[in-house]
Amino acid sequence: MVEFDPVSLLRTLDRHDVRFVVIGGLAAVIRGAPTVTTDLDVVPATGSENLEALTAALTELGARRRTVDDPDGIAFPIEPDLLAVGQSWTLVTAFGDLDLMFQPEGTQGYPDLVRGATTEMIADDPPLAVMVATLPDVIRSKEAAGRDKDRAVLPLLRRTLEEATRRRR
Amino acid sequence: MISAHLIREARLRAGISQAELGRRVGRAASAIGRWERGQVAPSLETTFELIRAAGFEPSVALARGDQHDLVLIRRALARSPMERLATAVAAANALGAIASVARAHRG
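Here the protein sequences come in this chain order: A and B.
Numbering-wise (our numbering), the first sequence opens with residue 1 and increments by one.
Numbering-wise (our numbering), the second sequence opens with residue 170 and increments by one.
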């Protein structure tokens with residue numbers, strides 16, 4: 001089993017200058033939700049330069065397509081043009097599962113999410129800061145996705161948001 | 170403020186502007202903005218009216234209160250983002266290791 005190491009995943013994306021916003025369960029964790037997740041969801045920008053950078057990062061990560069039948073992944077040609085035509089990619093990498101979503105449910109993708117996102121320091125030695133979606137935006141996408149696993153965590157996320165808002169006052 | 174987040178979420182998911190939402194309920198865009206920023210708290214009835222105007226049906230259910238969640242939330246919020254991430258990743262990997270052992274015993 002590959003150990004889940006989202007910091008190493010994010011360092012690789014950062015080293016290749018990929019523009020992206022962290023969303024999903026890991027964004028919720030970084031925002032203070034006491035939950036556990038085993039994959040990293042990111043929303044990349046869609047420009048050609050960014051897709052080139054993303055391709056280089058995924059190649060370095062040894063990304064393979066994750067399927068129900070083959071959790072270790074299936075090799076696929078990692079190319080900018082191919083990445084561009086998929087709405088989402090569920091991948092397994094050297095550092096664990098990575099989901100790329102160009103337009104998560106209930107959002108308009110990177111330009112929509114980056115407006116509210118903030119830079120959060122998630123590792124030191126050396127320091128690593130990444131753009132993280134706001135908790136309201138994470139809730140918005142999970143509410144829109146409407147899958148059972150999303151619905152199950154929504155009450156906890158809403159309560160975290162309520163408590164975080166109360167503490168800021 | 171829950172109402173503020175719900176109104177903003179409904180409007181953004183509908184892909185409409187504050188002006189358009191205001192037009193649908195006969196209110197100024199500035200009023201929508203004040204509600205979304207939490208400067209003014211609308212009544213529950215008004216919140217539901219706005220959600221419906223965005224094309225969604227609000228749903229409310231009562232559940233038993235669970236103070237344990239609040240304890241965990243406050244503990245997580247007291248940590249830095251870096252500490253929250255490290256804690257969650259350690260938990261995920263520990264759960265993964267337990268699942269692997271369980272699978273090996275079944276096999």
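Just to be clear, a hint being listed does not mean it is correct.
[Stated by the list, open to error] To be clear about the criterion: a stretch of chain A counts as covered by chain B if any three or more of its residues have a C-beta under 8 Å from a C-beta of chain B, and this derived list gives those stretches:
| id | stretch |
| --- | --- |
| 1 | 2 to 8 |
| 2 | 23 to 32 |
| 3 | 48 to 59 |
| 4 | 65 to 72 |
| 5 | 135 to 147 |
Hint data in this document are derived by calculation from the structure and do not stem from the laboratory.
Nothing here was measured: the structure is a model prediction, and the numbers come from that model.
Ideal placement from N, C-alpha and C gives every residue a C-beta, glycine not left out.
> Looking back at the numbered hints, which does the structure fail to meet, lowest number first?
Replying inline: Structure breaks hints 3 and 4.
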